[in-house]
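J.: Top to bottom, those sequences are chains A and B.
First residue of the first sequence? That's 1 in my numbering, and the numbers climb one at a time after it.
First residue of the second sequence? That's 1 in my numbering, and the numbers climb one at a time after it.
It is possible that part of the hints are untrue.
To be verified - Below, simulated BS3-like cross-link-like pairs (lysine-lysine); rule was C-alpha separation at most 27 Å, straight line:
| # | chain 1 | residue 1 | chain 2 | residue 2 |
| --- | --- | --- | --- | --- |
| 1 | B | K98 | A | K42 |
| 2 | A | K58 | B | K98 |
| 3 | B | K57 | B | K98 |
| 4 | A | K105 | A | K49 |
| 5 | A | K68 | A | K49 |
| 6 | B | K9 | A | K42 |
| 7 | A | K68 | B | K9 |
| 8 | A | K58 | B | K57 |
| 9 | A | K58 | B | K9 |
| 10 | A | K68 | B | K57 |
| 11 | A | K49 | B | K57 |
| 12 | B | K98 | A | K49 |
| 13 | A | K42 | B | K57 |
| 14 | A | K69 | B | K9 |
| 15 | A | K42 | A | K68 |
Hints in this document: simulated from the structure, not taken from any laboratory.
Just so you know, these numbers come straight off a predicted model, no measurement behind them.
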Amino acid sequence: AQSVTQLDSHVSVSEGTPVLLRCNYSSSYSPSLFWYVQHPNKGLQLLLKYTSAATLVKGINGFEAEFKKSETSFHLTKPSAHMSDAAEYFCVVNGRSGYALNFGKGTSLLVTP
Amino acid sequence: DSGVTQTPKHLITATGQRVTLRCSPRSGDLSVYWYQQSLDQGLQFLIQYYNGEERAKGNILERFSAQQFPDLHSELNLSSLELGDSALYFCASSLSGKLDTQYFGPGTRLTVL
Numbered sequence: 001a002q003s004v005t006q007l008d009s010h011v012s013v014s015e016g017t018p019v020l021l022r023c024n025y026s027s028s029y030s031p032s033l034f035w036y037v038q039h040p041n042k043g044l045q046l047l048l049k050y051t052s053a054a055t056l057v058k059g060i061n062g063f064e065a066e067f068k069k070s071e072t073s074f075h076l077t078k079p080s081a082h083m084s085d086a087a088e089y090f091c092v093v094n095g096r097s098g099y100a101l102n103f104g105k106g107t108s109l110l111v112t113p
Numbered sequence: 001d002s003g004v005t006q007t008p009k010h011l012i013t014a015t016g017q018r019v020t021l022r023c024s025p026r027s028g029d030l031s032v033y034w035y036q037q038s039l040d041q042g043l044q045f046l047i048q049y050y051n052g053e054e055r056a057k058g059n060i061l062e063r064f065s066a067q068q069f070p071d072l073h074s075e076l077n078l079s080s081l082e083l084g085d086s087a088l089y090f091c092a093s094s095l096s097g098k099l100d101t102q103y104f105g106p107g108t109r110l111t112v113l
């Protein structure tokens, strides 16, 4: 089955320092991978999407992720955290049928001044 | 703003009752997806419709049903409600279906008392 594991349930960084949110995936074939963000009391917003075109994917708000097949990882990074980045982040893989999305359990990012 | 709308925003009801959640997809999107977000289960795919037809099914209880109407809006019906059905219910839409980017609505928060 297609699944993702987010390795940290909580990450805390200082404003202006780099962000690293870790995600490993399990897939029997070439997956499509996504990162979504959920701000408090808001819906889910797509940050970026990987579909095998390029291993380094750039998203919105300065985020990017690198697909590493050898490590089965799709970690999300940002060079410099902003207070507005504080939110819940979900690593997502497409389901076997290609229709459903399978979500990780989420990583809560806290940004301190 | 993703362009996906959901009503109502909040719903409070009692056990044993029945409720209907409504979703309007982005203009031009033919597929609608329903997801449930709860503290213990995380984000789970429930069901997908494409142009009025059921396309994929996930962990949807028999007490729950959905449909997509000719104008492409969708409704999720939850009946014989239990305390454990309290959750945030998201609707998402995409252009067609398989491997498309899904755009999420703001969600309906259901509280069963």
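J.: Determine for every hint whether it applies to the structure shown.
T.: Structure-based check of all given hints:
1. K98(B) to K42(A): At roughly 25 Å apart (the allowed maximum being 27 Å), K42(A) and K98(B) satisfy the hint.
2. K58(A) to K98(B): 22 Å, holds
3. K57(B) to K98(B): Given pair K57(B), K98(B) holds - Cα atoms ~13 Å apart, limit 27 Å.
4. K105(A) to K49(A): Since the Cα atoms of K105(A) and K49(A) sit roughly 18 Å apart, the hinted pair holds (cutoff 27 Å).
5. K68(A) to K49(A): 14 Å, holds
6. K9(B) to K42(A): The hint holds at about 11 Å.
7. K68(A) to K9(B): Not OK: K68(A) and K9(B) at ~39 Å, beyond 27 Å, violated.
8. K58(A) to K57(B): 31 Å, violated
9. K58(A) to K9(B): Cα-Cα ~32 Å, so violated.
10. K68(A) to K57(B): With a Cα-Cα distance of about 30 Å, the restraint between K68(A) and K57(B) is violated, given a limit of 27 Å.
11. K49(A) to K57(B): 23 Å, holds
12. K98(B) to K49(A): 14 Å, holds
13. K42(A) to K57(B): 25 Å, holds
14. K69(A) to K9(B): 40 Å, violated
15. K42(A) to K68(A): The hint is violated at about 30 Å.
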